[in-house]
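Protein chains: 2
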Amino acid sequence: MTKGDWNLGDVTTPCLVVDKGKMQANLDRLASMVAAQSIALRPHLKTVKSIDAARFALPSQQAPATVSTLAEAEQFGRAGFADLLYAVAVSPQKLDRVLALRATGVDLKIIVDSVEMAESVAARARQAGDPIPTLIEIDVDDHRSGVKPDDTDNLRAIATVLSNGASVHGVMTHAGESYELSSEADRMEAARQEAERTVQAATILRDAGHACPTVSVGSTPTAFVPVARPGVTELRAGVYMFFDLVQAGIGACSPSDIALSVLTTVIGHQHAKDWIIVDAGWMALSRDRGTAGQKVDQFYGMVCNDAGEILDDLVVLRTNQEHGVISVRPGTTGTVPDLPIGTRLRILPNHACATAAQHDRYHVVGEAGATSEIWPRFGGW
Amino acid sequence: MTKGDWNLGDVTTPCLVVDKGKMQANLDRLASMVAAQSIALRPHLKTVKSIDAARFALPSQQAPATVSTLAEAEQFGRAGFADLLYAVAVSPQKLDRVLALRATGVDLKIIVDSVEMAESVAARARQAGDPIPTLIEIDVDDHRSGVKPDDTDNLRAIATVLSNGASVHGVMTHAGESYELSSEADRMEAARQEAERTVQAATILRDAGHACPTVSVGSTPTAFVPVARPGVTELRAGVYMFFDLVQAGIGACSPSDIALSVLTTVIGHQHAKDWIIVDAGWMALSRDRGTAGQKVDQFYGMVCNDAGEILDDLVVLRTNQEHGVISVRPGTTGTVPDLPIGTRLRILPNHACATAAQHDRYHVVGEAGATSEIWPRFGGW
Numbered sequence: 010m011t012k013g014d015w016n017l018g019d020v021t022t023p024c025l026v027v028d029k030g031k032m033q034a035n036l037d038r039l040a041s042m043v044a045a046q047s048i049a050l051r052p053h054l055k056t057v058k059s060i061d062a063a064r065f066a067l068p069s070q071q072a073p074a075t076v077s078t079l080a081e082a083e084q085f086g087r088a089g090f091a092d093l094l095y096a097v098a099v100s101p102q103k104l105d106r107v108l109a110l111r112a113t114g115v116d117l118k119i120i121v122d123s124v125e126m127a128e129s130v131a132a133r134a135r136q137a138g139d140p141i142p143t144l145i146e147i148d149v150d151d152h153r154s155g156v157k158p159d160d161t162d163n164l165r166a167i168a169t170v171l172s173n174g175a176s177v178h179g180v181m182t183h184a185g186e187s188y189e190l191s192s193e194a195d196r197m198e199a200a201r202q203e204a205e206r207t208v209q210a211a212t213i214l215r216d217a218g219h220a221c222p223t224v225s226v227g228s229t230p231t232a233f234v235p236v237a238r239p240g241v242t243e244l245r246a247g248v249y250m251f252f253d254l255v256q257a258g259i260g261a262c263s264p265s266d267i268a269l270s271v272l273t274t275v276i277g278h279q280h281a282k283d284w285i286i287v288d289a290g291w292m293a294l295s296r297d298r299g300t301a302g303q304k305v306d307q308f309y310g311m312v313c314n315d316a317g318e319i320l321d322d323l324v325v326l327r328t329n330q331e332h333g334v335i336s337v338r339p340g341t342t343g344t345v346p347d348l349p350i351g352t353r354l355r356i357l358p359n360h361a362c363a364t365a366a367q368h369d370r371y372h373v374v375g376e377a378g379a380t381s382e383i384w385p386r387f388g389g390w
Numbered sequence: 010m011t012k013g014d015w016n017l018g019d020v021t022t023p024c025l026v027v028d029k030g031k032m033q034a035n036l037d038r039l040a041s042m043v044a045a046q047s048i049a050l051r052p053h054l055k056t057v058k059s060i061d062a063a064r065f066a067l068p069s070q071q072a073p074a075t076v077s078t079l080a081e082a083e084q085f086g087r088a089g090f091a092d093l094l095y096a097v098a099v100s101p102q103k104l105d106r107v108l109a110l111r112a113t114g115v116d117l118k119i120i121v122d123s124v125e126m127a128e129s130v131a132a133r134a135r136q137a138g139d140p141i142p143t144l145i146e147i148d149v150d151d152h153r154s155g156v157k158p159d160d161t162d163n164l165r166a167i168a169t170v171l172s173n174g175a176s177v178h179g180v181m182t183h184a185g186e187s188y189e190l191s192s193e194a195d196r197m198e199a200a201r202q203e204a205e206r207t208v209q210a211a212t213i214l215r216d217a218g219h220a221c222p223t224v225s226v227g228s229t230p231t232a233f234v235p236v237a238r239p240g241v242t243e244l245r246a247g248v249y250m251f252f253d254l255v256q257a258g259i260g261a262c263s264p265s266d267i268a269l270s271v272l273t274t275v276i277g278h279q280h281a282k283d284w285i286i287v288d289a290g291w292m293a294l295s296r297d298r299g300t301a302g303q304k305v306d307q308f309y310g311m312v313c314n315d316a317g318e319i320l321d322d323l324v325v326l327r328t329n330q331e332h333g334v335i336s337v338r339p340g341t342t343g344t345v346p347d348l349p350i351g352t353r354l355r356i357l358p359n360h361a362c363a364t365a366a367q368h369d370r371y372h373v374v375g376e377a378g379a380t381s382e383i384w385p386r387f388g389g390w
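Top line first, the protein sequences correspond to chains A and B.
Reading the first sequence from the start, the letters are residues 10 to 390 in my numbering.
Reading the second sequence from the start, the letters are residues 10 to 390 in my numbering.
Treat the hints loosely; a few may be bogus.
[Said to hold, decoys possible] Here are the simulated DSSO-like cross-link-like pairs (lysine-lysine), alpha carbons at most 30 Å apart as the crow flies:
1) K304/A - K304/B
2) K282/B - K282/A
3) K304/A - K282/A
4) K304/B - K282/B
5) K157/A - K282/B
6) K304/A - K282/B
7) K157/B - K282/A
Because the hints were derived from the structure by calculation, they are not lab data.
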């Protein structure tokens, strides 16, 4: 973290800006929802990918957290975060790195969803003398990976294989289809189903004699609903720390909650087309067009002034690698304001995970817009 | 560049692989087309963003090259590349960095497309005593930025303002709409129009007394056609070094010419859905779906075996951050092959610029698949 050596007026654009007050409010909102349910929160760090952001977001370095790559596990582990779940099915080639990181004292847990991979994990765990805590991934909504929650034979077979060397730590799921929803009622139903089906899988394993202490569920759309989750021990979510336009379209936040934006500079105009051209193209914003299928298409992002106030009906209509074209939202009747070359604007992203990944640092804005810190971020695998 | 410390079997996935032989063939193909026309080639380095790749691609460090960010200009300039065109309209805030890099001996040229910005450039150039060579951007196809080639008043006004401190180095264009074409006849027409209209703008400036030595055109789709370009002095293209599925859809290459791929590992299956799940999601492949609007949609990429041989009708159908779902192309009748967990595959990208940008290095494969070098790459602005 570095302090005080930049300000929003002269920083090189495009760059990421984080509104620390909004991020804190997003963190507080989920923390209070989870506290009311007496389950643990295991935030996903795949969105922020930053040691400084993780220190800001987590109550302590002993607090549970989730990662999406072994590079994240290693970076956060080296920085002192001690309780990590690698929430992508592991492959045989990655087990050496898992064991090496665990040998440094990081309690890294992994997931599997097949007998084939369970055999590989159990064999390496036996060989290393380390009963790697392993969760079985459950597919609650036909989204992606995982064992069906009622596939008793498969669940028991995986647990039996695992327990010969590794530790059957529990079950986990990610209700990824919830990203397609847009009403709170639908999200509540998805959250209930996510919890019930994951608990169902845990019950099958417990009936077969496995302790299965952890029942881990989560996604930002299903996390932000007031649903009881009996039997669930922990909740995971990541993008909520920043929120984004996809989450606003789903209804999990409003655009004014979004803590992440891309600062950009006007570099030209095409007056005949009512276009403002800025230096944030898809390299800075990402190619993510997650709102394209939602009720309101935000194109490549909503446009704000340099203080972060939304400019109604202005969107980034199209992008090239280093160019963004700002115009009025198609179907509206306004015209673009007169913004001279050199004007600074901020763009709210479709998908915070994707946009943040295009950058190597966050410029953090504190209270009353005061510049405060730079938080480096990392990528890679 | 590092040698010999990796092989495709044990490298961490996902990662980028470059086939050096294919890259060389792509470079040779454009070089021979351009040599036949007696115009200079000014390759765009925004795709590779790598000192090692640039050394491989350019005949010498004195050879002309193009960049899309000042970070590229600074990195390549520090590495000894001496003749660079920054091909995105500059903003006032960036002029200090332009002048600082020029002061180190790098012949960095910039572009403008308005009187407003020309005034800013001329004022800073006068103040610094450095007549920054500046090209006027021309909009030949209503694509993005630039002055219309027949807008005599505007062209002359910009040149007049510029010449009071900076140097009117010429005109440049990028026929970006050519990315929407799919026949060679259409690309030839776009290339003719790109050349003629840019020369038209140069003629207007020369008639007004400006020497305008450089007439710079280019895009990969318009570069790879046998069209005479009388009056054009240099041609720019970048993505051709690797090529990609968008360029194959346009007809500028075939899929077997593509030199860039993402190496990935099978991490699971959903047998009931005929899905293979791999560890290359959109974080590794990018969110670019440039083939979605083409005649053949390649989804998130064509699938090859670990030797780079295309597996017919297999595509990455969908992605999440760290998951890719491989299945047969919708509409075909095949089934996925039996690929155990741990199997290595390579994915050909929609858009090489976007996919490469998700990574910090290239794993370069030499003759007969021998692993050879690692080429670091950079990003940022």
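Proposed proximity, K282/A with K157/B (alpha carbon, max 30 Å)
holds, 13 Å
Please work out if K157/A and K282/B have their alpha carbons no farther apart than 30 Å.
holds, 13 Å
Agreement of K304/A and K282/A with the hint, judged by alpha carbon distance not exceeding 30 Å
holds, 26 Å
Next pair to validate is K304/A with K282/B; report whether the Cα-Cα distance is within 30 Å.
Answer holds: K304/A to K282/B is near 29 Å, not above 30 Å.
Do the alpha carbons of K282/B and K282/A lie within 30 Å of each other, as the hint requires?
violated, 47 Å
What's the verdict on K304/A and K304/B, does the C-alpha distance respect the 30 Å limit or exceed it?
Roughly 27 Å separates the two Cα atoms, so the pair holds.
Given the hint that K304/B pairs with K282/B, does the C-alpha gap stay at or below 30 Å?
Measuring from Cα to Cα gives roughly 26 Å; hence the hint holds.
Violated hint: 2 only; the structure is consistent with all others.
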